[in-house]
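Full structure from sequences and hints, please.
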Amino acid sequence: MKVIIIGGTGFLGKHLITRMLENNYEISVIGRNFSDELFRDSRLSIIKANTTVQGSWQDDVVKNEIVINLAGASIFTRWSNKAKNEIYETRILTTKNIVEAFQFRSLPMRYLLNASAVGYYGDGHDDILDEKSPAGDDFLSNLSRDWEDEALKAESKNTHVVTMRFGIILGRHGGAFSKLKTLFKYLLGAELGNGKQWFSWIHEDDLVNAMLFLIQKQSLQGPINMTSPNPITNSELTQTLARVVKRPLILPPAPAFIMRSILGEFSDVLLKGQRVKPKKLQSEGFNFLFPTLEEALRDLLKQ
Numbered sequence: 001m002k003v004i005i006i007g008g009t010g011f012l013g014k015h016l017i018t019r020m021l022e023n024n025y026e027i028s029v030i031g032r033n034f035s036d037e038l039f040r041d042s043r044l045s046i047i048k049a050n051t052t053v054q055g056s057w058q059d060d061v062v063k064n065e066i067v068i069n070l071a072g073a074s075i076f077t078r079w080s081n082k083a084k085n086e087i088y089e090t091r092i093l094t095t096k097n098i099v100e101a102f103q104f105r106s107l108p109m110r111y112l113l114n115a116s117a118v119g120y121y122g123d124g125h126d127d128i129l130d131e132k133s134p135a136g137d138d139f140l141s142n143l144s145r146d147w148e149d150e151a152l153k154a155e156s157k158n159t160h161v162v163t164m165r166f167g168i169i170l171g172r173h174g175g176a177f178s179k180l181k182t183l184f185k186y187l188l189g190a191e192l193g194n195g196k197q198w199f200s201w202i203h204e205d206d207l208v209n210a211m212l213f214l215i216q217k218q219s220l221q222g223p224i225n226m227t228s229p230n231p232i233t234n235s236e237l238t239q240t241l242a243r244v245v246k247r248p249l250i251l252p253p254a255p256a257f258i259m260r261s262i263l264g265e266f267s268d269v270l271l272k273g274q275r276v277k278p279k280k281l282q283s284e285g286f287n288f289l290f291p292t293l294e295e296a297l298r299d300l301l302k303q
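Just so we're aligned, residue 1 is where the sequence shown starts under the working numbering, counting upward by one.
Quick caveat, the hints were computed from the structure, so don't treat them as lab data. Hints should not be assumed to be uniformly reliable.
[As the list claims (entries may be wrong)] Think about it this way: if two alpha-carbon atoms lie no more than 35 Å apart in a straight line, the pair counts; the simulated DSBU-like pairs of lysine-lysine are: (1) 2 / 157; (2) 217 / 82; (3) 84 / 279; (4) 48 / 14; (5) 179 / 14; (6) 279 / 302; (7) 2 / 185; (8) 302 / 63.
As the structure is a prediction and not an experimental result, all values here were calculated from the model.
Set out below in structure tokens:
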């Protein structure tokens with residue numbers, strides 16, 4: 001099966017590629033930085049391109065049955081107007097160019113797996129959120145909604161579309177876990193704000209397994225929550241991580257007003273949250289290897 005991954009040079013993309021190579025997929029990767037040793041594997045087809053602009057890379061996209069779009073600048077930064085523009089355009093323009101590429105060549109049917117985020121739901125408070133829950137009305141909500149709307153335009157071009165609403169991805173070599181582990185190692189771990197905000201997360205292995213599950217089925221469409229079935233509060237996250245890494249919590253909770261003064265609008269990502277359930281995956285019988293946070297953290301700490 002021929003697969004192309006756009007934005008596959010981050011830690012999630014590399015983990016997905018490694019698993020796909022083990023399963024003998026024929027893989028092309030589009031990105032800007034291919035310095036990692038993984039990308040010297042002769043089994044990979046490497047395409048360097050800026051996907052926010054049209055180009056010959058679009059011809060490569062349409063040669064594949066499965067298209068996976070993971071492209072987008074990191075949201076984990078202070079949100080200046082420049083940063084917000086980059087976060088938005090790297091996602092929207094890339095997705096728009098992918099969808100436009102589909103009109104250049106006709107294949108029997110394509111399957112587009114397009115990244116999105118649980119930020120779609122905005123601040124969900126204590127509400128349990130599934131794929132039918134409405135969008136919020138903040139920067140990440142509007143970004144995710146526009147991102148998904150752009151991807152769904154491919155449905156008119158003989159393409160099944162899944163918008164994958166990722167929770168916070170916990171992985172060994174990137175993402176939130178590596179940063180949290182370092183903080184706790186140096187006794188700098190603390191609850192954020194009142195600690196009651198929900199944290200929807202997923203182990204990197206479960207996320208990659210879920211993506212392979214979708215590819216193998218090729219029947220699910222629309223939004224799919226890619227999260228553990230057991231979201232937790234920030235307070236539970238902090239206590240669990242402290243217990244697993246065997247470091248005491250000695251700092252008081254970080255006050256919301258201080259976080260906002262330091263991080264600006266980005267602080268809302270940490271101070272607000274979503275209590276998300278992966279209803280569609282569960283109804284299809286997907287099996288989570290790490291359904292609880294403690295199981296996930298203990299696995300990630302293995303050498």
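Exercise. Taking only the CA atoms, is the gap from residue 2 to residue 185 under or equal to 35 Å?
Worked result: Violated, because 42 Å separates the two Cα atoms, which is more than 35 Å.
Problem set entry | Holds or violated: residue 217 to residue 82, with C-alpha atoms at most 35 Å apart | Violated, at about 40 Å.
Exercise. Given the hint that residue 302 pairs with residue 63, does the C-alpha gap stay at or below 35 Å?
Worked result: Violated, at roughly 39 Å.
Problem set entry | Satisfaction of hint between residue 14 and residue 179, Cα-Cα up to 35 Å | Status holds; Cα separation ~19 Å.
Exercise. Regarding the pair residue 84 and residue 279, is the alpha-carbon distance no greater than 35 Å?
Worked result: 31 Å, holds
Problem set entry | Holds or violated: residue 48 to residue 14, with C-alpha atoms at most 35 Å apart | 16 Å, holds
Problem set entry | Hinted pair residue 279 and residue 302, Cα distance within 35 Å | 30 Å, holds
Exercise. If you draw a straight line from the CA of residue 2 to the CA of residue 157, is it 35 Å or shorter?
Worked result: Holds - the C-alpha atoms of residue 157 and residue 2 are around 19 Å apart, at most 35 Å.
Going through the hint list in order, the structure does not satisfy hints 2, 7 and 8.
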